[in-house]
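K.L.:
Here the working numbering is used: the first residue of the sequence shown is 150, the next is one more, and so on.
Everything labelled a hint here was simulated from the structure, so no lab data went into it.
The model shown is predicted, which means the values in this text are computed figures rather than measured ones.
A few of these clues could be false.
[What the hints assert, rightly or not] No farther apart than 25 Å at their CA atoms in a straight line, the calculated lysine to aspartate or glutamate pairs in the DMTMM-like style are these:
1. Lys233 x Asp256
2. Lys233 x Asp175
3. Lys233 x Asp221
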Amino acid sequence: MVFSLLRRLRRPQAPPGRVRLAEIADSSLLLEACPARTACFAPADVRRPGASNPFLGWVSSPVGLTAHVLRDVVYDVDSRVLIKDGNLVAETCYLQSPETLAALRVDRARLECHAGVAVPCSDHWPSNYYHWMMHALPVMVALSDRPEIRRRGPLCWLLPDLLPWQRQTLELLGVRGGIQGGVAAGRQYRLDRVVYCNIVAGAADFALSRLCQSVFARMASRVPVTRRRGLRLYVDRGGVGNRAIPNEAALAAALAAEGFCVVRPERMTVAEQVDLFRAAAMVVGPLGAGMTNIGFCRPGTMVYELVPDHHVNPCFLAMAMRGHLNYWADLYPAGATGREHVTRWEGGIDVARVLRRVADLWSRGARPVLVSDGAG
Numbered sequence: 150m151v152f153s154l155l156r157r158l159r160r161p162q163a164p165p166g167r168v169r170l171a172e173i174a175d176s177s178l179l180l181e182a183c184p185a186r187t188a189c190f191a192p193a194d195v196r197r198p199g200a201s202n203p204f205l206g207w208v209s210s211p212v213g214l215t216a217h218v219l220r221d222v223v224y225d226v227d228s229r230v231l232i233k234d235g236n237l238v239a240e241t242c243y244l245q246s247p248e249t250l251a252a253l254r255v256d257r258a259r260l261e262c263h264a265g266v267a268v269p270c271s272d273h274w275p276s277n278y279y280h281w282m283m284h285a286l287p288v289m290v291a292l293s294d295r296p297e298i299r300r301r302g303p304l305c306w307l308l309p310d311l312l313p314w315q316r317q318t319l320e321l322l323g324v325r326g327g328i329q330g331g332v333a334a335g336r337q338y339r340l341d342r343v344v345y346c347n348i349v350a351g352a353a354d355f356a357l358s359r360l361c362q363s364v365f366a367r368m369a370s371r372v373p374v375t376r377r378r379g380l381r382l383y384v385d386r387g388g389v390g391n392r393a394i395p396n397e398a399a400l401a402a403a404l405a406a407e408g409f410c411v412v413r414p415e416r417m418t419v420a421e422q423v424d425l426f427r428a429a430a431m432v433v434g435p436l437g438a439g440m441t442n443i444g445f446c447r448p449g450t451m452v453y454e455l456v457p458d459h460h461v462n463p464c465f466l467a468m469a470m471r472g473h474l475n476y477w478a479d480l481y482p483a484g485a486t487g488r489e490h491v492t493r494w495e496g497g498i499d500v501a502r503v504l505r506r507v508a509d510l511w512s513r514g515a516r517p518v519l520v521s522d523g524a525g
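Generate coordinates for the entire structure from the input sequences, incorporating the hints supplied.
P.N.:
Written out as structure tokens, the structure reads:
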């Protein structure tokens, strides 16, 4: 009997179940309905035989951006997952491994209570510029501007300690109401009331969201114009380890010789980034957070993205369509040994090929690409 009891005690726990937001929400609010739209590229005649654009035929995600009001849930800071009565809330399990989710439980030793109306505002990568601009800021804009949400009481943004550049974005955004509630790594919080917006888990990444685009316009409106339009920019990733390109210095030097301004956005204030990209006539760069700044570009700006073949991600195509930009991408063999999105390029990039495509695109001129967002 004792042996049988010990065997039962050692038996692994069953993985937690799943519930969906709609099943547990007190109420739900549709913030925006994003339509499906086929990818637009300009100039269209660039689609000749041999083109290696990986997004030909791509269609934006038709999705509803929603806010759900919940009660009595647990927020796991490290995973950013909500737990309701021991079950994981499915829509909050954003980019978490099956192993992490299977082991996730409410841990009373790490649990703290949090009163008031809490709003999760960051994902698992809170210091990444793209994730902050596309997942955190739109949530704060959407909810602070909705009287149906504000009348529930002061909102508390659940955020980690902010970096200086993140504070700059909040100052430019001028979000009304809300207070920052610092959350600590390794903790769990029991939340009396929660407003959960699916934007924080990437729901709008591949959608034509006017709400997300409004974040960039709102910030830009607070930055004085100091530059004339016409700059050609190369967004250099030399300062980061993820997806590092071994010969990027050679590419940057070659583009600089053609009149490009080589920029490292992380070295600039947010206001400087806004003003610089707003003045751009063309932006070239590999997939990376710095390309998020195309959200500040004016309609008609040419954007050329260098896409590594081990991480084909259309998020900047969606952003370009929202801003009515001229977008083109080519797939480049990275020679990566793994398929993880952070894997570095091993073989370098074909500099001559990039220069040929840049010259071809630039010679065709730029004009706004008009994409219907379904608003009527």
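K.L.:
Given the hint that Lys233 pairs with Asp221, test it: the Cα-Cα distance must not exceed 25 Å.
P.N.:
Holds, because 7 Å separates the two Cα atoms, which is no more than 25 Å.
K.L.:
Does Asp256 lie within 25 Å of Lys233 when you go C-alpha to C-alpha?
P.N.:
Answer holds: Lys233 to Asp256 is near 13 Å, not above 25 Å.
K.L.:
Under the criterion that the straight-line Cα-Cα distance not exceed 25 Å, is the pair Lys233, Asp175 satisfied?
P.N.:
Holds: Lys233 and Asp175 sit about 13 Å apart, inside 25 Å.
This entry satisfies every hint, going by the numbered hints stated previously.
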